[in-house]
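Number of protein chains: 2
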Amino acid sequence: MATVEELCKAAKAGQTALATASSERKDTLLRTIAAHLERDATSVLTENQRDVDAATAAGLSPALIDRLRLDDRRVHALVNAVLDIVKLQDPVGEVEHSAIRPNGLRVGRMRIPLGVVAMIFEARPNIVVDASALCFKSGNAVVLKGGKEAAHTNAVLARIVHGALEATGFSPDVLALLTLRSDVDELLVQQDTVDLVIPRGGESLIRSVVAKSRIPVVQHYKGNCHLYVDAGADLDMARRIVLNAKAQRPSACNALETLLVHESVAAAFLPVAFAELQAARVELRVCPRTLAAVAGQIFESLLREATESDWHDEFLDLVLAVKVVTGYDDAVAHIRHYGSNHTEAIVTEDYGRANRFIADIGASCVLVNASTRFNDGGELGLGAEIGISTSKLHAYGPMGLRELTTQKWVVNGMGQVRS
Amino acid sequence: MATVEELCKAAKAGQTALATASSERKDTLLRTIAAHLERDATSVLTENQRDVDAATAAGLSPALIDRLRLDDRRVHALVNAVLDIVKLQDPVGEVEHSAIRPNGLRVGRMRIPLGVVAMIFEARPNIVVDASALCFKSGNAVVLKGGKEAAHTNAVLARIVHGALEATGFSPDVLALLTLRSDVDELLVQQDTVDLVIPRGGESLIRSVVAKSRIPVVQHYKGNCHLYVDAGADLDMARRIVLNAKAQRPSACNALETLLVHESVAAAFLPVAFAELQAARVELRVCPRTLAAVAGQIFESLLREATESDWHDEFLDLVLAVKVVTGYDDAVAHIRHYGSNHTEAIVTEDYGRANRFIADIGASCVLVNASTRFNDGGELGLGAEIGISTSKLHAYGPMGLRELTTQKWVVNGMGQVRS
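As they're listed, the protein sequences go chains A and B. The first sequence begins at 0 in numbering that gives the first Met the number 0 and counts up one residue at a time. The second sequence begins at 0 in numbering that gives the first Met the number 0 and counts up one residue at a time.
Just chain A, same shape as in the assembly (with noise of 0.2 Å):
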């Protein structure tokens, strides 16, 4: 067995190949995993069933055996996305900000490839291929450590992910999957071979990795998304972008977690937009205010009094927490306080409310009158994404192909010296 060492060193040997490769040669790649996911569908629904017959044996909860449970038509979206990423221009190579200097020296910064990406994910077993695909069109390799409960699936996955590069010419190596515990600690500290760690999951995971790690790490940390109804907003518009933002998709990041109300006029749009959310279904944890405003109107198995920690919490769940606020700055002192730099959203009507919201708010992702679900690759114009980060340095927000590079400084001279 190959140590985490060899197999980072191995990836980062393979990766030069990949760096220099051109789009043809990687989109033949992606299209060479795509044909080779398909036609070996079958394995992969036996490899999983084994993985979900584990996990249901062990008792794991139903929401995370749906999470880690493939089907016919998961994957053929999983070859869909592949072949998406085809479609996406290739960052690598694009030159920005060229300039001709005073001395006839022509620059620019060039867009290359990271290196060596790794990121350590938890049951999800369509990171092994969405994650190939993404870093290798980038030029990047890649080293994945998953859950334990998807093993048996990651591995079948990796298993046609190493096919396809054999098949197209290009190094297995560029795909490394570590699959024990101890992998993690080991993978942390080969900062001379792996140039950035994205780790996806919860709170203690992120916090583990960033106090160990000697490889720069960007966090996809939790969306505790705000939007505020500001005075003055119109108020159907209110209505439909938190119904939207909170029960479209209850557990992705960039789902609604609280709602914050201008006092001025709760009480027209508390009762009308809590009559929505009660039809969907959504578990209401308020403030006294908020409360008041609506009592008697609402189920009582659906509200009740928020604690300290539901101002907090992402639910990913068809619960949402409301405060009543008294103006704009209470409104941004909460978000500041409780939000976790993710995505923030106002609706107002006021044009000067909408820019300083834009200016006071430092999140990831800042929507003025749209549901905070646009916060998302896709429908930012990236195209596929990795996750959306919550880091400040290199990548803030969604992360896609781009997002996957660095660029480096090119200078072409005809013998220029400095003086």
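Among the hints, erroneous ones may be present.
One copy or two, either will do: identical chains are not told apart, so a pair holds if it fits within one copy or between any two.
[Unchecked claim] Below 25 Å or equal to it, Euclidean Cα-Cα: the simulated PhoX-like pairs (lysine-lysine) are:
no.	residue 1	residue 2
1	Lys8	Lys211
2	Lys221	Lys8
3	Lys11	Lys221
4	Lys86	Lys8
5	Lys147	Lys221
6	Lys147	Lys211
7	Lys147	Lys8
8	Lys86	Lys147
These aren't lab readings, by the way, just hints derived from the structure by calculation.
We have chain A; now place chain B onto it with these hints.
This is chain B only, laid out in the frame that chain A set:
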């Protein structure tokens, strides 16, 4: 005495006002720093003399004492450096990649300050002022940990900056100066308030920061810079570039450290180049083939056979390692093995090899037919820089104002929800 945690929290709290301050107000702050520095030059020189006296008594090296010493000319240069930063364009608020999405959403990436930037540095008394000016102009607070050799100088400069902050209505908390060695460990776990750490100094300082930090680190690591003289190169051009890259300012991180020469031009090139390098008092540490080519021509005191460590070392002095290579691939393999991802150059008349070199070498700056000394913020058009990053994440190469910012997504809608 405030703890490191309290100082970092206060810096973050004070930064909110800097983040949204107009360029005009920030420039007024910088002009005030320059004016107070000029006004208080005498006390700066007095305090600096105390550091110089202590360093002399402690027997520090003349080179170190020279780096520590301020005089009228150097204080004036510091004033001018701040005024030069006033002239640079403020990157905060710039919107890039803006687009109208198919659903009518207006999206774009807006530059915002990183937040709180920490720097750990050794005896360089200019950094308190330089780093404050660059960080404030880009809307960031700054936490500095200086070397104890410059303690009095750093303290008086920090007092001047604090006075300018107060005089212009900003919180003095946005510059924190740490002084104890033990403060560093404390600083490196302030990930909730500090957004970036930049260690400036020797390898052991940088390695220890990377090992301990929970805050993202951008390394300004050594520049083991190479220049490869290709077969068929313009040897007169090569000679001028080598001399400039090595001898113009040998203490700079972008100075040349290893010269690689194609075997087909070694006999014609090395004697001529070495005559000039000898005149500039450059010591040569050479491979056996080089030795054979020039033996008898060079004073023995300036020539010796290279050891393995000479290929690794950043001399930062009038010392040059020289190796004859068998061809382009041999040169690239040497650079990949020994290079530090800082600055790499080729001298060639061959179109294909120029382009291959640009593609094959992943350093932060790759040059064709130009001196390595051009990897510099001023020379590349960034204006003042805080240093040259060899970290691929976030900022690779010279770090100017723009590299002290990040980008958030701004989305302007008219009630859009996601379907």
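When Cα atoms must be at most 25 Å apart, do Lys86 and Lys147 count as within-copy, between-copy, both, or neither?
So Lys86 and Lys147 fail the 25 Å test inside a copy (32 Å) and across (56 Å) alike.
Check Lys147 against Lys221 for me: Cα-Cα at most 25 Å, and say if that holds within a copy, between copies, both or neither.
Intra 22 Å, inter 40 Å, cutoff 25 Å: intra-copy only.
Using 25 Å as the alpha-carbon threshold, which applies to Lys147 and Lys211: within, between, both, or neither?
within (21 Å within a copy, 29 Å between copies)
Is the C-alpha distance from Lys86 to Lys8 at most 25 Å within one copy, between copies, in both cases, or in neither?
Neither, since 30 Å and 46 Å both go past 25 Å.
Regarding Lys11 and Lys221, is the shortest C-alpha distance of 25 Å or less found within a copy, between copies, in both, or in neither?
between (31 Å within a copy, 21 Å between copies)
How would you label the pair Lys8, Lys211 (within, between, both, or neither) given a Cα cut-off of 25 Å?
This pair counts as both: shortest intra-copy Cα distance 20 Å, inter-copy 23 Å.
When no copy is named, should Lys147 and Lys8 be tagged within, between, both, or neither for a Cα gap of at most 25 Å?
within (24 Å within a copy, 39 Å between copies)
Indicate which option fits the pair Lys221, Lys8 if close means a Cα-Cα distance not exceeding 25 Å: within, between, both or neither.
For Lys221 and Lys8, only the inter-copy Cα distance (22 Å) is at most 25 Å; the intra-copy one is 32 Å.
Against the hints set out earlier in the document, violations occur for numbers 4, 8.
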